[in-house]
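Asker: Chain by chain, the residues run as shown.
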Amino acid sequence: EAGVAQSPRYKIIEKRQSVAFWCNPISGHATLYWYQQILGQGPKLLIQFQNNGVVDDSQLPKDRFSAERLKGVDSTLKIQPAKLEDSAVYLCASSLTRDRGYTFGSGTRLTVV
Amino acid sequence: GQQLNQSPQSMFIQEGEDVSMNCTSSSIFNTWLWYKQEPGEGPVLLIALYKAGELTSNGRLTAQFGITRKDSFLNISASIPSDVGIYFCAGQETSGSRLTFGEGTQLTVNP
Chain A
1 EAGVAQSPRY KIIEKRQSVA FWCNPISGHA TLYWYQQILG QGPKLLIQFQ NNGVVDDSQL
61 PKDRFSAERL KGVDSTLKIQ PAKLEDSAVY LCASSLTRDR GYTFGSGTRL TVV
Chain B
114 GQQLNQSPQS MFIQEGEDVS MNCTSSSIFN TWLWYKQEPG EGPVLLIALY KAGELTSNGR
174 LTAQFGITRK DSFLNISASI PSDVGIYFCA GQETSGSRLT FGEGTQLTVN P
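Heads up: the protein sequence lines correspond to chains A and B, in order.
Just so you know, we're using this note's numbering here: the first sequence kicks off at 1 and counts up by one.
Just so you know, we're using this note's numbering here: the second sequence kicks off at 114 and counts up by one.
Hints listed in this document are in silico derivations from the structure and should not be mistaken for laboratory results.
Even glycine gets a Cβ: it sits at the ideal position worked out from N, Cα and C.
Any given hint could turn out to be false.
[To be verified] Short, incomplete list of chain A residues facing chain B, as computed with Cβ under 8 Å:
(1) GLN41
(2) GLY42
(3) LEU45
(4) VAL54
(5) ASP86
(6) ALA88
(7) GLY101
(8) PHE104
(9) GLY105
(10) SER106
(11) GLY107
(12) THR111
[As the list claims (entries may be wrong)] A few chain B residues facing chain A, derived, Cβ under 10 Å:
(13) GLN119
(14) LEU146
(15) GLN150
(16) GLY155
(17) PRO156
(18) LEU158
(19) ALA161
(20) SER190
(21) ILE193
(22) VAL197
(23) PHE201
(24) CYS202
(25) SER210
(26) ARG211
(27) LEU212
(28) PHE214
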């Protein structure tokens, strides 16, 4: 089966600019996650969707981050405005059910200068 | 919040040696997962553990879910150069809750 697709792979922006990332999960996977991975650290959950509803966004900096999952399939994550500390890899993952291991995409590496 | 302490942070070993790494938690977990991440890629699931005391193998990899439900270890036997990467443990407190990741163990295997 096709894996989790993410784009773009790399993005460089200046601070205070906006940026958006796109994720297409594995077909049929109801649960979708966005994780932030800062260099040298483990991934940290930003938001979890079940179909197109939000299950957990407690660690999402809502003043600048937003995410949506229209029609319960693709998802976009937006940062507006970006700060230097947002430089990280943004990973999307999906799973068939919420109690099984996820499949991760290759991520989008964001550099804010 | 939950914290996972993963050790060691890094390991430098010779090809053929066995490797052991572990994770401890301040919270009880219902699920422990072990992932491997290579440069430029997302983490790939290696082993999933769902029951306290469970011992599961995947080829040369063996992982155990600690009896206290607050720890887990991963062993790699007879390491090979392609084992190089960062290994992460991850725990889940309840079914469907978020995964909390450790900080990773960077493994380097010298041929």
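Asker: Could you run down the list of hints and mark each one as holding or not?
Answerer: The hints, checked one at a time:
1. GLN41: holds (6 Å)
2. GLY42: holds (3 Å)
3. LEU45: holds (4 Å)
4. VAL54: violated (12 Å)
5. ASP86: Not OK, violated: ASP86 of chain A not within 8 Å of chain B, min 19 Å.
6. ALA88: Violated. Min distance 13 Å.
7. GLY101: Hint on GLY101 of chain A: holds, closest Cβ of chain B at ~4 Å, below 8 Å.
8. PHE104: holds (3 Å)
9. GLY105: With a closest approach of 5 Å, the GLY105 of chain A hint holds.
10. SER106: holds (5 Å)
11. GLY107: holds (5 Å)
12. THR111: The hint is violated - THR111 of chain A has no Cβ within 8 Å of chain B, the shortest such distance being about 14 Å.
13. GLN119: It holds, given that the least Cβ distance between GLN119 of chain B and chain A is near 8 Å, below 10 Å.
14. LEU146: holds (5 Å)
15. GLN150: holds (8 Å)
16. GLY155: Interface hint status for GLY155 of chain B: holds (3 Å vs cutoff 10 Å).
17. PRO156: Since the shortest Cβ distance to chain A is 5 Å, the answer is holds.
18. LEU158: At about 4 Å, which falls below the 10 Å cut-off, the nearest Cβ of chain A leaves the hint on LEU158 of chain B intact, so it holds.
19. ALA161: holds (5 Å)
20. SER190: Violated: closest Cβ of chain A sits about 22 Å from SER190 of chain B, beyond 10 Å.
21. ILE193: violated (23 Å)
22. VAL197: violated (17 Å)
23. PHE201: Given a least distance of 5 Å, the restraint on PHE201 of chain B holds.
24. CYS202: Since the shortest Cβ distance to chain A is 9 Å, the answer is holds.
25. SER210: Where the cut-off is 10 Å and the nearest Cβ of chain A is about 8 Å from SER210 of chain B, the hint holds.
26. ARG211: Status holds, d = 4 Å.
27. LEU212: holds (7 Å)
28. PHE214: holds (3 Å)
Hint violations for this structure: numbers 4, 5, 6, 12, 20, 21, 22, all remaining hints satisfied.
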